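J.: Sequence:
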Amino acid sequence: MNKKLVLIDGNSIAYRAFFALPLLNNDKGIHTNAIYGFAMMLAKIIEEEKPTHMLVAFDAGKTTFRHSTFKEYKGGRQKTPPELSEQFPYIRELLNAYQIAQYELENYEADDIIGTLAKQAEEQGYDVRIVSGDKDLTQLASEKTTVYVTKKGVTDMEVYTPDHILEKYGLTVEQIIDMKGLMGDASDNIPGVPGVGEKTAIKLLKEYTTIENLLSSLDKISGKKLKENLTTYQEQALMSKELAMIERNAPIDISLAKIHFSGANESQLTSLYKELNFQSLLEKMPSAATAVEKRELTSINFKLVEKISEEMLSDNSAFYIEILEENYHYAPILGFSIVNDSGTYYIPLHVALQSETFKAWLSNEKSSKFVYDVKRSIVSLRNHGIELKGVQFDLLIASYLLNPSETIQDFSDVARTHNYTEVLSDDVVYGKGAKRSPLTDEKRAEHIVRKAVAIYELKDILLKELTDNEQFDLYKQLEMPLSVILAKMESTGVKLDIQRIQEMGTEISGQLKAIEERIFELAGEKFNINSPKQLAVILFEKLGLPVIKKTKTGYSTAADVLEKLQHEHEIIEQILHYRQLGKLQSTYIEGLLKVVNKETEKVHTRFNQALTQTGRLSSTDPNLQNIPIRLEEGRKIRQAFVPSEQDWVIFAADYSQIELRVLAHISGDERLIDAFKNGHDIHTKTAMDVFHVSEEEVTSNMRRQAKAVNFGIVYGISDYGLSQNLGITRKEAAQFIDKYFEIFPGVKQFMSDIVQEVKQTGYVKTLLNRRRYIPEITSRNFNIRSFAERTAMNTPIQGSAADIIKKAMVDMAERLTQEKLKARLLLQVHDELIFEAPKEEVEKLKIIVPDVMENTIELKVPLKVDYAYGPTWFDAK
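Numbering (our numbering), first residue to last: 17 to 893.
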């Protein structure tokens, strides 16, 4: 069998992935872009190369044997951003799951490990593939070794063979080191010869072959400055060549036999992908879960009901509704199960819908029911004209509060979290995706019944845990009533002015056409603007704009590239606007028209109540919390959201800077508290203190920077993150953050104290006792520990803000009932509540809404609510 070795430059690929992909987070807040990019690269290289042996080499430390030659080697490199550092331990976990060997060697770099192993492998007849983001390793290319260098992202690679190097540079592989010696390498701080770039180096080497030959022939060099620099920097050129040369006889103690690759541990890899929320990668996995879950279950006795009697519907019943599709607004109900003291029952849908006894029991407030996902249960039954009342326990909500970090795919995930293993996952029972198949009544009935049994058996255990955690009030007084409110909001839906949104579509189409004509005019010809290849020819060949980045197929026309070219030519601004409008048209105009109910002209979103670790609600199908507001045309989309009745208005109320007010309360920082008590604009006040200027001297840019720091502190931002947000250096960003802590020492003290507290308890709490467990806080790994500390600092702030808006929703629903108002709560968008109400109730709402929202909880600083109203959501601003 042909032996093939794949060697990967771990640090290089991780860095490339981090900077190539946007910052991504999983539901625990861990940054995952570098891990995701690394995983994508591994999947591609394993599939394409089918290696028999694999190893990922890492740099062991900052100092290597090269520093004895040149102490400034790799000097000036910026510190690794913490957003990347925290991902390295997970990259190593990824490699463990793949069962790929890892290796590092003190005093040597990953390049040297790769060079040494490649040499050994060649001698033993292996085919070798090297993967790196660094062209340094191209010097290892040979007849037996191919070097893949990442280009755009991490899966687009340029393949370096001796022939390719000759074609690309006109040089042999051996001359790559000489080229590096002459031109130097800024990223490694290899000096080279001043004034000698790649083109000059290649030209010289084509003539003189090596640096040594060149330096012995300086009298033949034409060009006064070049000759002078080569003469002056002879030693530096030779030293640079030495620094650039990969060591191929490093004292490694790992043999090729030890790095045999037999494939991934699929169960381990699946578990890691679930933790990191890598859904697209999970979908490509063979179903590891299926193999794990094919186990013997305890036999279960139940009755398949053909006629419902009152005896089956006793008080204190576990009641479960089977819905497989995610969007329960439109999904069919597959059946019901009930468990109580009288027995265990499966009720088919047609039997249930024909029973008035069953419907009366469901709507009886005094009859206690225990369910899984009360919101889903209420909405799905309401779609059949049935009201569900009297729910006293929700397994999903209780489990979520006890550990919000658990990833919930389906019912079985929740059950297993609490060591209950008598329920298989839906994917195992029904099959997955296209392989999903209908089941016999008996088999389906048993699966559905098992879920009701689980609810029944877990209820008392979870309620005791909530009580022990001092979270029972949070569960009973906040989250449970909120579920009922959210169900009502979802069922009510939001009216969409279909004609208006179609008109917007027409308007945007017209704008796109006008912009298209202007682009053609500026280009001097017609072409396909949506074709990166055709656009690249216009921009970089015809118009001669500077090339920022190249891809495998030519020039990059990605958004980040075009933004850097914005001031070079008017056509760039037009193209960016064309793309923004195009996305608006497809995602929001066409997207909303796809999901609107044509009969009611309403859209019915789903609020995810058991998803985020901070307690925030999110919205899906459609996401009405994410309608763009930065672009004028995006803001106008809100014009299409209107009241559902004539002579009604949309009334919107939002908290002003709630997270910063929560920070002032929790930290007790006197300066921050005083600023809010005195009604100062907090961003202006911060700018005044940071820049030592008067209020009149604060510029819009100063306020913008202060705002970025204020909110950045809340989210545990690093100097790297702030530098990216503001377009400043990391050093400037670090100084900004340090200055902030000088001004607000109470905030700094709070952040220090909360980290110590979490180290003792293992979790952090919000004002209403919502918990988030952070076991990583005691990790020996600095990067994991640092991320955990930032999570500990920002969770009480974000989580408490989430608690407050949720409590305001519960209080508001109660007040509307008390006041006998017709006004309805439609949406919650971050810190904003949106209502629809008759015009005659507006004056009352102006008093009631701020009163409820500002007094839902008492803080050391006042809560402030702004409101507005109008004929559309757009006008309520």
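In short, the hints are calculated from the structure, not lab data. Check each hint, because a few of them may be wrong.
Stated by the list, open to error - Quick list of in silico lysine to any residue cross-link-like pairs, SDA-like style, CA-CA up to 20 Å:
| no. | residue 1 | residue 2 |
| --- | --- | --- |
| 1 | Lys240 | Met255 |
| 2 | Lys580 | Ser602 |
| 3 | Lys504 | Asp754 |
| 4 | Lys529 | Glu541 |
| 5 | Lys300 | Tyr571 |
| 6 | Lys459 | Leu365 |
| 7 | Lys184 | Glu541 |
| 8 | Lys241 | Glu251 |
| 9 | Lys135 | Gln115 |
| 10 | Lys300 | Glu326 |
| 11 | Lys580 | Glu342 |
As the list claims (entries may be wrong) - Restraint-style ranges between C-beta atoms, simulated for each label pair:
| no. | residue 1 | residue 2 | range |
| --- | --- | --- | --- |
| 12 | Glu661 | Asn112 | 53 to 63 Å |
| 13 | Ser507 | Ser768 | 42 to 52 Å |
| 14 | Ala59 | Arg651 | 53 to 63 Å |
All values reported here derive from a predicted model rather than from experimental measurement. Note that CB positions come from ideal geometry on N, CA and C, so glycine has one too.
J.: If you check the beta carbons of alanine 59 and arginine 651, does the distance land in 53 to 63 Å?
T.: Given range 53 to 63 Å: violated, Cβ gap about 40 Å.
J.: Can you confirm whether the C-alpha distance between lysine 241 and glutamate 251 stays at or below 20 Å?
T.: Holds - the C-alpha atoms of glutamate 251 and lysine 241 are around 17 Å apart, at most 20 Å.
J.: So if I understand the rule, the pair passes when the alpha-carbon distance is 20 Å or less; does lysine 580 with serine 602 pass?
T.: violated (26 Å)
J.: Hinted pair, alpha-carbon criterion (20 Å max): lysine 240, methionine 255. Please report holds or violated.
T.: Violated, at roughly 23 Å.
J.: Take a look at whether the Cβ-Cβ distance between glutamate 661 and asparagine 112 falls inside 53 to 63 Å.
T.: With Cβ atoms ~59 Å apart, the hint holds.
J.: Does glutamate 541 sit within 20 Å of lysine 184, going by the straight-line distance between their CA atoms?
T.: violated (32 Å)
J.: Going straight from one Cα to the other, do lysine 504 and aspartate 754 come out at no more than 20 Å?
T.: violated (47 Å)
J.: Between the alpha carbons of lysine 135 and glutamine 115, is the straight-line distance 20 Å or under?
T.: Not satisfied, since the Cα-Cα distance of roughly 23 Å exceeds 20 Å.
J.: Just to be careful, I want the Cα atoms of lysine 529 and glutamate 541 compared with a cutoff of 20 Å; is the pair within it?
T.: Distance ~15 Å between lysine 529 and glutamate 541 Cα, so the pair holds.
J.: Decide if the proposed pair is consistent with the structure: lysine 580 and glutamate 342, CA atoms, cutoff 20 Å inclusive.
T.: violated (41 Å)
J.: Is lysine 300 close enough to glutamate 326, meaning Cα to Cα at most 20 Å?
T.: violated (48 Å)
J.: Do the alpha carbons of lysine 300 and tyrosine 571 lie within 20 Å of each other, as the hint requires?
T.: violated (31 Å)
Violated hints, listed in ascending order, are 1, 2, 3, 5, 7, 9, 10, 11, 14; each of the other numbered hints is respected by the structure.
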